[in-house]
Amino acid sequence: MKKTGRVYLIVCGLLLAAGLLSVGLGAVTIAPGTLLRILLAQWPGSGVVPDWPHAHSTILLQVRLPHSILVALTGAALAGSGAAYQGLFRNPLADPYLIGVASGAGLGAVVALSFGFSSTPLGMYFIPAAAFVGALLTVGLVYNLARVNGYVPLTTLILAGVAVGAFASAMTSFLMLRSNAMVTRALAFLLGGSPVNGWEPVFATLPYFGVGLVLLAVCGHPLNVLQFGEEQARQMGLNVDRAKIFIVIVASLTTAVAVAFSGVIGFIGLIVPHLFRILWGPDYRHLIPMSILGGAAALLLADVGARTVIAPQSVPVGILTAMVGAPFFLWILRRAKREVLW
Amino acid sequence: MSVMLQVENLSVSYGAREVLREISLQVHTGEILALIGPNGAGKSTLIKAASGILKPRTGRVLCEGEEISKLPDHLRARRLAVVPQAKPEGGAFTVAQTVMLGRTAYLGWLGKPGERDERSVAHALRMTGLTDFAERHVAELSGGEQQRVLVARALAQATRTMLLDEPTNHLDLQHQASLLKLIRMLAGECELAVLVALHDLNLVSLFADRVALLVGGRLTHLGTPSEVLTEEILQAAYHAPVRVRENPENGRPLVLLQI
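Residue numbers (our numbering), protein chains in the order written: chain A, 1 to 342; chain B, 1 to 259.
Some hints could be false.
As the list claims (entries may be wrong) - Not everything, but these chain A residues come out facing chain B in the computed CB check (under 10 Å):
id, residue
1, Asn197
2, Gly198
3, Glu200
4, Val225
5, Gln227
6, Leu238
7, Pro282
8, Arg335
In case anyone wonders, no lab produced these hints; they're calculated from the structure.
Glycine is no exception: its CB is placed at the ideal position from the N, C-alpha and C atoms.
One chain only, chain B, in its complex shape:
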C-alpha cells in the first residue's frame, strides 16, 4: 500500500486562534481513514486544509508526493477531490450537468466536454447508481441522492484521493448505510485513498480502516477502530459517559452512550 495523502506537521490559525496544531498523518491507497472528535475539534478545518483551499501556518500537505499548496487549482483538483455536505446550491442543474462540472479541472475555459469527459461522467454515474437520474434536476432529489451526486461529481475528477466532510449528516439510516457502502466500494474498486470526517462513532467502527481522533486541534490518537474507540480514550475526549462493548455481529467496538 503506497502513501497517497500525507499531512506533515500541519498547523492552521484563524487570526490569533490556533485551530490545528502540528497534525501529521498519512492515508494509503484503498484505505479509509476516519476523522473523529468533538464539535470544534478541527475536523472540517483539517479537511479544508488538506484540500488546499486553506493556507497552513506551518507544515504542508503532500498528495502523491507533490506539495498541493504549490499546485495551480486545476492540477490540484486532478489529484484530490472533495465531497462537501449536500446543500441546495447548484440545485437548478441536472445530475449529468453537475457531474460534468466535476470535470472542470480537465475542461478549457469554454467548458466544452470531449469524449474522455463524457466517458468519465458516465463511469461516475454508473459507480454511484445515478445513471437513471442523469436528466433529473438535483433539487428534485432526496438528501441521500443529492449526496450521491456530490460523490459522483468528485469521482468525475478522476483523482486517487477523496476527502469527505461529514457526508452522512442529515441522512436517515438507510441512506447513511448506502452512502458508506458506496464509499467502501469506491475505496476498494477505484483504489481511492479516503479521508472522511464523521460524527457517528458506530459508523466509524463499522466502516473505517483506521481512526484519527482530534481534540482541541491536536491529533491525540491514531490507530484501528479497536485501538482508538475505547472507554478511556473516548471519555477523556468527549467528556461524556460512554461504555464500549464488543459488537456480537462483527467483533468491532460498539459505543454506547450512558445517560
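This is chain A alone, in the form it adopts within the complex:
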C-alpha cells in the first residue's frame, strides 16, 4: 500500500515537471519563475507587476497553455483507454492505435469535417461525437474479426487491427485529398499532431475528456475480474455483458476525443500501461489512474521533444512516439513469446 502511494507521488511530480517544461520551452523560452508570475498576474489584485515582454504572456496564455492542456488530456486518454483495452482483450499488446480504434475515430472525425461541420462553432463539439461513432464501429469490427472461441489471441487481434486501421487511414487520406484545403489537417491526422490552436479545442473536448477519464478510472474492478476469462467472471458474480459494453464504450469515447483534435498518436497507450504493469502490478483499480497520469506526462514530454528536436520546425508528435514506441513494442513481443501472457 505504501508503495502504491509512492508511485502516485512520483507520477504526479513527473506530470508537474513535464507540464512546466511544455509551457516553458519553445521558440521563446520562459523561465519557471516568470511562468508562475504571469499566471499569478491573471488574478485580479494579485499585485504582481509585469516585468516581462507583453508577447511572453500572450504566447503563454493564448498558445502554450491551451496546447499543453490538450496534449496532457490526449496522453491521459490514450494511456487510460490503452490500459482498459489491454484488460478487456486480456492482451498486453492492445493499444488504441494498434487495434485500429484510433484510425477508426480519425475516419469518423474526418467524415464530420468533410461535411463542413467544423466551420460552425457548434461543429467543434460535434467532431468528437463523430470520432466516437467511428471508434465504436471499429472496435466492434476488430473484436469480432479477431475472436476465436471466446478468446482474442495476440496474432488475430493485431492482424485485424492493422488491416481495419489501414483501411480507415486510407479512407481518411482519400477524403482529405479531395479537398486541398484540408491536406495539412490530413497530414496531422495521419501522423499525430494538433493542427488546431487556442482554447477552443480545449473547451470543446473538456466535457468528453472529463466524463471519459473519470469513468475509465472506475473500470478497474470489473477488468480485474475479467482477467480470469468471461466464463469464470460470470461464475464469480460479474455481469459480464454489461461490464464489457460499459468498458468498450468508455474506452472508445476517450480514444475518440483524443483523436478528434490531436490526430492518430500511436504507442502511448501501449508503453505507459505496460511500464506501470511491470513496475507496480496488475491491479487495474490503480493501473488505470496511474496510466492516466503517466500518459499525460509522457505525451507532454514527447511533445516537447517534437517541438524542439529540429526547431524551429516541429515534428508531428506521432512520429516521435512511433520512433520510441515501435522498438518497445518489439521488446514486449519478444518477452511475450517467452513468458505466459496474462
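Please build the complex by placing chain B on the supplied structure of chain A, with the hints as guidance.
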C-alpha cells in the same frame, strides 16, 4: 440432510446436437457427489449448466430452492461457487488478490473490500492452507498450489454449494491426495454440497459419497461407489475390459484396467 442443489430434467443442446438429456439429480448438505463417465459424456457441460452459465433447453437447476437461471449474476454467485481447472489466466495477481476477487458477488462496482470481505478471505486462505502464500504471485506457484488458490477463491464466495470440474487433472499423486482431502474436509466442516466431475475411478471410490455415471449425455446410474463401480456397469459404459476387486484397506471397490 437437506437438498442444496437440485437438477431437474435438464437437457442441453449445442445447436442441433443434444449433449445432455433429461438429467435429474440432487446434492445434499455435506455430501460429495462425483460425476464420472467417458470423454464427451457431458460431465463438463453438466457442471457448466449447473453453474448457470449455460442455458438449458429444457429443465431447470435449483439451488437452495431458487431457480438459478432466474437469479442475477451476483446473487447466483452467492449461492453457488465453481472451481475451474487451473490455467495460467490471472497469474499476475497475488494469491490474496485472487481470493479477494472471489468476493466479487459482494463487492460494489469499485471493488473496495470491507471488513467482512477481509475476514472471509482470511478464512478461505486458512482453510486451504495458503495463509503463508498470500503475497506470492499465483504464476510462481506449483500446479497443486494454483488449484488450491482456485478452491480458496470459490470458498471466499461463501456459498453452500461448490462445483468442481476435474480439479485433479495435471496434478501428481501427492497433490491429488491433498486436494481431495481438502475438499472432503470442506464438505464436512463447512457443510458444503459438492458436485465434482472426476476422471479417475479409484479416486472416486476413495472419496465420493455417491456417484453419478453419465454416458452419451444420459444419466445411466446413480448410487454409492459400491453400487455404481461394478464390472458390468463400467464395461458397458467405457467399452474397456475392467476388473473390480474389493480394496483390502477399506472395503471399497478397486477398479483395475485389463490390458
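Structure-based check of all given hints:
no.: 1; hint: Asn197; in the structure: 38 Å, violated
no.: 2; hint: Gly198; in the structure: 37 Å, violated
no.: 3; hint: Glu200; in the structure: 35 Å, violated
no.: 4; hint: Val225; in the structure: 5 Å, holds
no.: 5; hint: Gln227; in the structure: 5 Å, holds
no.: 6; hint: Leu238; in the structure: 6 Å, holds
no.: 7; hint: Pro282; in the structure: 4 Å, holds
no.: 8; hint: Arg335; in the structure: 13 Å, violated
This entry does not satisfy hints 1, 2, 3, 8, going by the numbered hints stated previously.
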